[in-house]
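Protein chains in written order, with this note's numbering: chain A, 218 to 322; chain B, 218 to 322; chain C, 218 to 322; chain D, 218 to 322.
Calculated from the structure, these hints are not laboratory results.
Every residue, glycine too, gets a C-beta built ideally from N, C-alpha and C.
Don't take every hint at face value.
[Claimed, not checked] In silico BS3-like cross-links for lysine-lysine, where the CA-CA straight-line distance does not exceed 30 Å:
| no. | chain 1 | residue 1 | chain 2 | residue 2 |
| --- | --- | --- | --- | --- |
| 1 | D | K288 | D | K250 |
| 2 | A | K315 | A | K288 |
| 3 | D | K270 | B | K276 |
| 4 | A | K302 | A | K276 |
| 5 | B | K270 | B | K302 |
| 6 | B | K250 | A | K315 |
| 7 | C | K288 | D | K302 |
| 8 | B | K250 | B | K302 |
| 9 | B | K270 | D | K288 |
| 10 | C | K315 | C | K302 |
| 11 | A | K270 | B | K270 |
| 12 | C | K288 | D | K315 |
| 13 | B | K267 | D | K315 |
| 14 | B | K276 | A | K315 |
| 15 | A | K270 | C | K276 |
| 16 | D | K288 | A | K276 |
| 17 | B | K270 | D | K270 |
| 18 | D | K315 | D | K276 |
[Unchecked claim] Some chain B residues judged to face chain A by a derived CB distance under 10 Å, without partners named:
| no. | residue |
| --- | --- |
| 19 | R241 |
| 20 | P258 |
| 21 | I268 |
| 22 | E269 |
| 23 | Q304 |
| 24 | Y316 |
Okay, here's what each chain looks like letter by letter:
Protein chains: 4
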Amino acid sequence: MIHAEISIYPIGTDSTSISIYIARAIEAISDFKEIRYQLTPMGTVLESDKIEKIFEASKIIIDTVHRMGVKRVEVILKIDSRTDKDQTIESKVSAVTKYLESKGP
Amino acid sequence: MIHAEISIYPIGTDSTSISIYIARAIEAISDFKEIRYQLTPMGTVLESDKIEKIFEASKIIIDTVHRMGVKRVEVILKIDSRTDKDQTIESKVSAVTKYLESKGP
Amino acid sequence: MIHAEISIYPIGTDSTSISIYIARAIEAISDFKEIRYQLTPMGTVLESDKIEKIFEASKIIIDTVHRMGVKRVEVILKIDSRTDKDQTIESKVSAVTKYLESKGP
Amino acid sequence: MIHAEISIYPIGTDSTSISIYIARAIEAISDFKEIRYQLTPMGTVLESDKIEKIFEASKIIIDTVHRMGVKRVEVILKIDSRTDKDQTIESKVSAVTKYLESKGP
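Next comes chain A alone, as it looks inside the complex (with noise of 0.2 Å):
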């Protein structure tokens, strides 16, 4: 599994709202059945098994805000690949919540 955390900023649009862009971009890649998302705060999670998948649902999602009129789009795209172990979006976060609970009274 490689894991990765796609931002979009719209530059140019009258307005500082973006979610509107997300959701957009968030529905282009919903039927895409190899790819997992997850919405976070500050950015949209995806898993997948390939890489190429990955950079296919960003190209979608980059694709998807051009097509709604923005001329210009700023991405940030954390990729973690790792080749020894096989973890989840779920198993991520539970590795670090395990050392944290372990510290209890």
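Dock chains B, C and D against chain A, hints included.
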């Protein structure tokens, strides 16, 4: 409110696992009453009313990783600085899901 | 033209130095005629006419690092996707310095 | 020495150009003797001997963009915090080109 997301990548450690560093870093800021945080699969979201506190928490996180014996740490800090609207970690996500939910049949 | 910047952080290596990984990754894309690149202190800037080629080069870079024995690599890919103006690596910088120079005495 | 790279993305402006914001932000930190900077196509590299100064410069940059009338600005700050070696903006690049040059025929 100002929001940020911090990701830390320790360089030159023996292990491919970074969970323990994230856990200790989060514990180091957990007493910091002026910072709320939320763990996500690709980073830790921070919320505060002032950017100075975000930077102060980031410094504590970086110092914690160095004190654990890591000589080099790469850090990605995404900041969303907004003066026109008061958002929270929760309202940022619901602003997007609102549009997603409105699509229904 | 589309511009990007890629930074790679190998995790679990013995050394704090990452220069050799960046060098081998750049060599791996240096024959790729449809990509121009520029090394900067915090990342490698990529220029191409299509986003697919940016993603293709990014995959080559990540695969190269894994083939060097690194089991986990964190990647930050910044993309500037613009449909209204044809810029180059050079014109992006000069667009800013133009304003700086105009300040003079 | 600590190195960072800051990129700023103003949201809700009329124009797709962001050069003027970058120029004014750089001017705002240009008197700050304890920070060296270098403009690159995808961000501005910062060098200082203390992380506090990197954060102070970042705050000045963000405040400058807001004072120009921008109500929301997204910021990406990459930090390379290293305690084992004293590098400069120049030596970070030459550490990579050294390996590239050594490849010759």
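Against the structure, the hints:
Only pairs whose Cα atoms come within 30 Å are accepted, and K288 (chain D) paired with K250 (chain D) is accepted, the gap being roughly 29 Å. Distance restraint check for K315 (chain A) and K288 (chain A): the Cα-Cα separation of roughly 44 Å exceeds the 30 Å cut-off, and the hinted pair is therefore not satisfied. Simply put, K270 (chain D) and K276 (chain B) have alpha-carbon atoms about 11 Å apart, close enough for the 30 Å limit, and the pair holds. A hinted pair counts as satisfied when its Cα atoms are at most 30 Å apart, and K302 (chain A) with K276 (chain A) qualifies at roughly 27 Å.
Taken as a hint, the K270 (chain B) and K302 (chain B) pair is honoured in the structure, with Cα atoms around 19 Å apart against an allowance of 30 Å. Distance restraint check for K250 (chain B) and K315 (chain A): the Cα-Cα separation of roughly 23 Å lies within the 30 Å cut-off, and the hinted pair is therefore satisfied. For a cut-off of 30 Å, the pair hint linking K288 (chain C) to K302 (chain D) stands: about 25 Å separates their Cα positions. Restraint check for K250 (chain B) and K302 (chain B): satisfied, since their Cα atoms lie roughly 22 Å apart, inside the 30 Å limit.
About 20 Å separates the Cα atoms of K270 (chain B) and K288 (chain D), which keeps this hinted pair within 30 Å; it holds. Between K315 (chain C) and K302 (chain C) the alpha-carbon distance is near 17 Å, which keeps this suggested pair within the 30 Å criterion. Only pairs whose Cα atoms come within 30 Å are accepted, and K270 (chain A) paired with K270 (chain B) is rejected, the gap being roughly 38 Å. At roughly 25 Å between alpha-carbon atoms, K288 (chain C) and K315 (chain D) fall within 30 Å of each other, so this suggested pair holds.
Distance restraint check for K267 (chain B) and K315 (chain D): the Cα-Cα separation of roughly 43 Å exceeds the 30 Å cut-off, and the hinted pair is therefore not satisfied. Under the criterion of a C-alpha separation no larger than 30 Å, the hint pairing K276 (chain B) with K315 (chain A) is consistent with the structure, at around 24 Å. A threshold of 30 Å between alpha carbons decides the hint, and for K270 (chain A) with K276 (chain C) the separation of about 11 Å falls inside it, so the pair holds. Taking the CA atoms of K288 (chain D) and K276 (chain A), the gap is near 28 Å; set against the 30 Å cutoff, the hint holds.
Proposed proximity of K270 (chain B) and K270 (chain D) is supported: the alpha carbons are some 15 Å apart, at most 30 Å. Between K315 (chain D) and K276 (chain D) the alpha-carbon distance is near 35 Å, which puts this suggested pair outside the 30 Å criterion. Checking R241 (chain B) against chain A by beta carbon gives a least distance of about 8 Å; that is within 10 Å, so the hint holds. At a threshold of 10 Å, the smallest CB-CB gap from P258 (chain B) to chain A is about 4 Å, leaving the interface hint in force.
Below 10 Å, beta-carbon pairs count as interface contacts, and I268 (chain B) has none with chain A, the closest being about 15 Å; its hint is therefore violated. Against a cut-off of 10 Å between C-beta atoms, the interface hint on E269 (chain B) is violated, since the closest Cβ of chain A lies about 19 Å away. Given hint, Q304 (chain B) at the interface with chain A, holds; its Cβ is 9 Å from that chain's nearest Cβ, closer than 10 Å. Because the closest C-beta pair between Y316 (chain B) and chain A is about 3 Å apart, less than 10 Å, the hint holds.
Hints 2, 11, 13, 18, 21 and 22 from the list above are not met by this structure, while the remaining hints are.
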